Amino acid sequence: MRYVVLAPFYNPDGSMEFATEEEAEAKAMELLSGNPALQVRTAQLLKSFSAQVKVTAAAIKADPAD
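Residues 6 to 71, numbered by the numbering used here, are exactly what the sequence shown covers, in order.
Hints in this document: simulated from the structure, not taken from any laboratory. Every value quoted in this text rests on a predicted model; they were computed, and no experiment measured them. Do not take every clue at face value.
What the hints assert, rightly or not - Just the calculated beta-carbon pair ranges, DEER-fashion:
| hint | residue 1 | residue 2 | range |
| --- | --- | --- | --- |
| 1 | Ser20 | Ala67 | 49 to 57 Å |
| 2 | Thr61 | Glu27 | 45 to 53 Å |
| 3 | Arg7 | Ala64 | 43 to 51 Å |
| 4 | Val60 | Glu22 | 23 to 31 Å |
C-beta atoms are modelled at their ideal positions from N, C-alpha and C, and glycine is treated no differently.
Make the full structure from the sequences, and use the hints.
And the structure:
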């Protein structure tokens with residue numbers, strides 16, 4: 006089972022996912038040692054979701070009334 010560290014910042018590269026609970030706790034403690042006011046949690050990862058967005062642009066045809 007994988008474990009994650011949840012901190013109040015976005016980390017898209019997956020570097021906050023760990024194979025063991027002990028590794029996740031060690032990372033959480035490392036984050037806290039650098040910023041004791043930070044609220045950090047560890048959790049067992051049950052599901053991971055992702056999505057993609059496609060953005061396109063096209064020229065607008067002239068209005069025939071103009």
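Hint-by-hint comparison with the structure:
1. Ser20 / Ala67: 49 to 57 Å: holds (50 Å)
2. Thr61 / Glu27: 45 to 53 Å: Holds: the Cβ-Cβ distance is about 46 Å, inside 45 to 53 Å.
3. Arg7 / Ala64: 43 to 51 Å: holds (46 Å)
4. Val60 / Glu22: 23 to 31 Å: Given range 23 to 31 Å: holds, Cβ gap about 28 Å.
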